[in-house]
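Enquirer: Listed below, chain by chain, are the residues.
2 protein chains.
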Amino acid sequence: MSFEDGADRLLVTPGSELYVKVGRIMSNERVKRPVPFAHKLNESSSIGRVIGVVSGKGGVGKSTVTALLAQQFARKGLKVGIMDADITGPSIPRIFGLKDRLKAGQYGLIPCVTSEGIKVVSMNLLLDDETEAVIYRGPVIAGAVKQFWSDVYWGDLDVLFIDMPPGTGDVPLTVYQSLPIDGVVIVSSPQQLVSMIVTKAYDMANKLHIPVLGLVENYSYYKCPDCGSEHYIFGESKADELAGTIGCKVIGRLPIDPALARLSDEGRISEADIVFDLENE
Amino acid sequence: MSFEDGADRLLVTPGSELYVKVGRIMSNERVKRPVPFAHKLNESSSIGRVIGVVSGKGGVGKSTVTALLAQQFARKGLKVGIMDADITGPSIPRIFGLKDRLKAGQYGLIPCVTSEGIKVVSMNLLLDDETEAVIYRGPVIAGAVKQFWSDVYWGDLDVLFIDMPPGTGDVPLTVYQSLPIDGVVIVSSPQQLVSMIVTKAYDMANKLHIPVLGLVENYSYYKCPDCGSEHYIFGESKADELAGTIGCKVIGRLPIDPALARLSDEGRISEADIVFDLENE
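Chains A and B, in that order, are what the protein sequence lines are.
15 is the number of the first residue of the first sequence in the numbering used here; add one for each residue after it.
15 is the number of the first residue of the second sequence in the numbering used here; add one for each residue after it.
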């Protein structure tokens, strides 16, 4: 990954590692959690693990973290899918530069596939124009999420990531109550305001007995490309404090990175060569 | 406003003016727009103008812009209110440092009041603990917004700002269809991904015949406090391009400002001495 204008190269140093452990997520000792209003998976598909990525508040780079996680799992040789459950504000197709539309097949809707083989389903892959508003009320939005589960021919997946919309409304409630979710990764930023709202997301997961796999702090700091000084633009890191409050582990800190923002914007996230520590614990 | 650590003083220069014109918003020639499912305002209240602040995607500083707008109007001597319609991710009380809870009075719920006399209603002012999740499905969320309109004793207001949640779901739909809204201000950031999603917010307003008063670009650039160089962290400004696409005016550009982020976090937004050009056109 290189940039002509000299923008900082994305570099995840040991101090800013994202180490969601494959071992932890993919272990065989899957805890069977009761799913109160279980919705049936597509008959021709089987999915090993289901991981939600949540944030409480929008704009913290949750979709980028989802994409990077999925990519890293795919590079380990796992069969990976992403369900973009942010029906009214979908970011995933743009991040991967997906231009095609979902097609109907014999066993259900056929996901689009990224250059690294990640299967993606998103409302924006169903629209003729990606800027068109999806003006849905909550129950219809929740219905779309259920259809993404039952009416999509996912085939065999080792792990499905669900990119959730901000807030604690219909979509997370439906995902938590109707899909066999194994746990959630929470994405936050150092702003206190964000931490307050992210605690709501944790509170919801907790009330519904969903395990929290860990906390990722994005936009941790900015390194001036001209003088090299580091700035806590959105405040000093609150990751440890927040993780303490909600009783989970900090599993990563990512800097504010114009290069990564640009890769997301231009659909070139697959060029991000971040090496996360994904080994077993 | 000053900071010990030498963080940049917030300075809105002529090139980064936010000039939502009082003349435009408060003109007497109010266009009567049909409200298909009109919900009745609290009987003991009267509200002159209703202005929505929308963003499509979260995390662009919409609530901060709402607070700054309201503050500026209040400083002009107008009677101002803010309805925080982001039921599951409310930011407004924290930004103003409001600690009290709403109380029931003879004519309805009594708003909390900021140091500058702005009346504020928010779901977080009804919770015992601000980090508690509000796990509501869409129709209940929309119902809460309606109650904020009919069951709150607003008294006489010149202008009410409605801080909307991200997305194009229940809340904006309810506000557009049930409240006599005069127009919306759209808040965006330079990231292309955000622009794509903000266009959805515009598309929704357009389909429901809601006038767009203008576009505010937040997080336009960052000025390194150490060397003074300016960086387009989230990409070059796309405000003009975006405004051209959606056919509205750019009414402001704000820099990424750690000082402003901190004032928001610490509930000290009233110390922001931004001088917006709010004169008549």
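The set of hints was computed from the structure by calculation and includes no laboratory data.
Careful: at least some of the hints might be erroneous.
As the list makes no split between identical chains, a pair holds if one copy fits it or if it spans any two.
For lysine to aspartate or glutamate, the following EDC-like pairs were computed, each having C-alpha atoms within a straight-line distance of at most 16 angstroms [to be verified]:
(1) Lys90 - Glu130
(2) Lys263 - Glu144
(3) Lys221 - Glu130
(4) Lys221 - Glu146
(5) Lys263 - Asp142
(6) Lys90 - Asp217
(7) Lys221 - Asp254
Enquirer: None of the hints should be skipped; say for each whether it holds.
Expert: Hint check results:
| no. | hint | result |
| --- | --- | --- |
| 1 | Lys90 - Glu130 | within (11 angstroms within a copy, 57 angstroms between copies) |
| 2 | Lys263 - Glu144 | neither (36 angstroms within a copy, 22 angstroms between copies) |
| 3 | Lys221 - Glu130 | neither (36 angstroms within a copy, 38 angstroms between copies) |
| 4 | Lys221 - Glu146 | between (35 angstroms within a copy, 10 angstroms between copies) |
| 5 | Lys263 - Asp142 | neither (41 angstroms within a copy, 27 angstroms between copies) |
| 6 | Lys90 - Asp217 | neither (32 angstroms within a copy, 41 angstroms between copies) |
| 7 | Lys221 - Asp254 | neither (22 angstroms within a copy, 45 angstroms between copies) |
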